[in-house]
Amino acid sequence: EAQVTQNPRYLITVTGKKLTVTCSQNMNHEYMSWYRQDPGLGLRQIYYSMNVEVTDKGDVPEGYKVSRKEKRNFPLILESPSPNQTSLYFCASSSPGQPQHFGDGTRLSIL
Amino acid sequence: RKEVEQDPGPFNVPEGATVAFNCTYSNSASQSFFWYRQDCRKEPKLLMSVYSSGNEDGRFTAQLNRASQYISLLIRDSKLSDSATYLCVVNFWSGGFKTIFGAGTRLFVKA
Chain A
1 EAQVTQNPRY LITVTGKKLT VTCSQNMNHE YMSWYRQDPG LGLRQIYYSM NVEVTDKGDV
61 PEGYKVSRKE KRNFPLILES PSPNQTSLYF CASSSPGQPQ HFGDGTRLSI L
Chain B
1001 RKEVEQDPGP FNVPEGATVA FNCTYSNSAS QSFFWYRQDC RKEPKLLMSV YSSGNEDGRF
1061 TAQLNRASQY ISLLIRDSKL SDSATYLCVV NFWSGGFKTI FGAGTRLFVK A
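Top line first, the protein sequences correspond to chains A and B. The working numbering puts the first residue of the first sequence at 1, with every later residue one more than the last. The working numbering puts the first residue of the second sequence at 1001, with every later residue one more than the last.
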């Protein structure tokens, strides 16, 4: 089954404790992207990747890192999380310019 | 001005009604356009792509007007199950392939 898998689905953690949200896709898509969704603001792009070892900033990259060492994986790293990064996060993948397939989302709470 | 703007609604309509959503975008170099549907706390799911010639999928019709830089979604014979948030999505090239989501339009269909 074609899918985008994110883990964890839910996480409550504390300020400053490094965390990684994993994202994996099995559709051989070149393009992968991370979004955060906040009430009233919609989905905002954090980082995206056009292919292996090619990443670029989206609209809200501050406080986040990503890597793309393999085509199927695109982890999102919060080196020193802060409460303003409490949000619902989605990973997505697609062929360039095509509709994106989304993971189920990760609800992150940072205390 | 936001890059992609939608009327946030909510739209409250009775079953069987026809409802139309509009979305405007600011980047004239935008290349591909989509409508997504998002249910509460779930991942966005592709509803339909939008083409210049217009396209229809059952009760749903999408239109693109490049000259005026807007896209529209028409839902005929609304069902209770159409209640959701509808997201307008625009892709464009800007040193990389970027995706901008509108903030979404909330639809409530009532019996």
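By construction, these hints were calculated from the structure, which means they are not laboratory data. Hints may contain errors.
Straight-line distance between alpha carbons at most 30 angstroms, and here's what the computed DSSO-like set of lysine-lysine pairs gives [to be verified]: (1) 1042(B) x 65(A); (2) 1110(B) x 57(A); (3) 71(A) x 1098(B); (4) 1045(B) x 1110(B); (5) 65(A) x 1110(B); (6) 69(A) x 1042(B); (7) 17(A) x 1002(B).
Away from chain B, derived, C-beta distances all over 10 angstroms, residues of chain A [said to hold, decoys possible]: (8) 1; (9) 12; (10) 13; (11) 15; (12) 60; (13) 62; (14) 78; (15) 83; (16) 85.
Yeah, the Cβ is synthetic: ideal placement off N, Cα and C, and Gly gets one too.
Distance restraint between residue 69(A) and residue 1042(B), which requires alpha-carbon spacing of 30 angstroms or less:
28 angstroms, holds
So is residue 83(A) really clear of chain B, every C-beta pair being over 10 angstroms apart?
20 angstroms, holds
Take a quick look at residue 60(A) and tell me if its Cβ sits farther than 10 angstroms from every Cβ on chain B, holds or violated.
12 angstroms, holds
Would you say residue 12(A) is clear of chain B, with no C-beta pair closer than or equal to 10 angstroms?
16 angstroms, holds
Take the C-alpha atoms of residue 1110(B) and residue 57(A), compute the straight-line distance between them, and say whether it is at most 30 angstroms.
At roughly 41 angstroms apart (the allowed maximum being 30 angstroms), residue 57(A) and residue 1110(B) break the hint.
Are all beta-carbon distances from residue 78(A) to chain B longer than 10 angstroms?
Non-interface label stands for residue 78(A): nearest chain B Cβ at 20 angstroms, farther than 10 angstroms.
Does residue 62(A) clear chain B by more than 10 angstroms, comparing its Cβ with all Cβ atoms of that chain?
17 angstroms, holds
Should the label of residue 15(A) as a non-interface residue stand, given a Cβ cut-off of 10 angstroms to chain B?
24 angstroms, holds
So if I understand the rule, the pair passes when the alpha-carbon distance is 30 angstroms or less; does residue 1042(B) with residue 65(A) pass?
24 angstroms, holds
Given the hinted pair residue 71(A) and residue 1098(B), is their alpha-carbon gap at most 30 angstroms?
18 angstroms, holds
Would the hint linking residue 17(A) and residue 1002(B) be met if the CA-CA limit is 30 angstroms?
34 angstroms, violated
Is it the case that residue 1(A) keeps its Cβ farther than 10 angstroms from each residue Cβ in chain B?
At roughly 15 angstroms from the nearest Cβ of chain B, residue 1(A) sits farther out than 10 angstroms, so the non-interface label holds.
Checked against the numbered hints given earlier, the structure breaks hints 2, 5 and 7 and satisfies all the rest.
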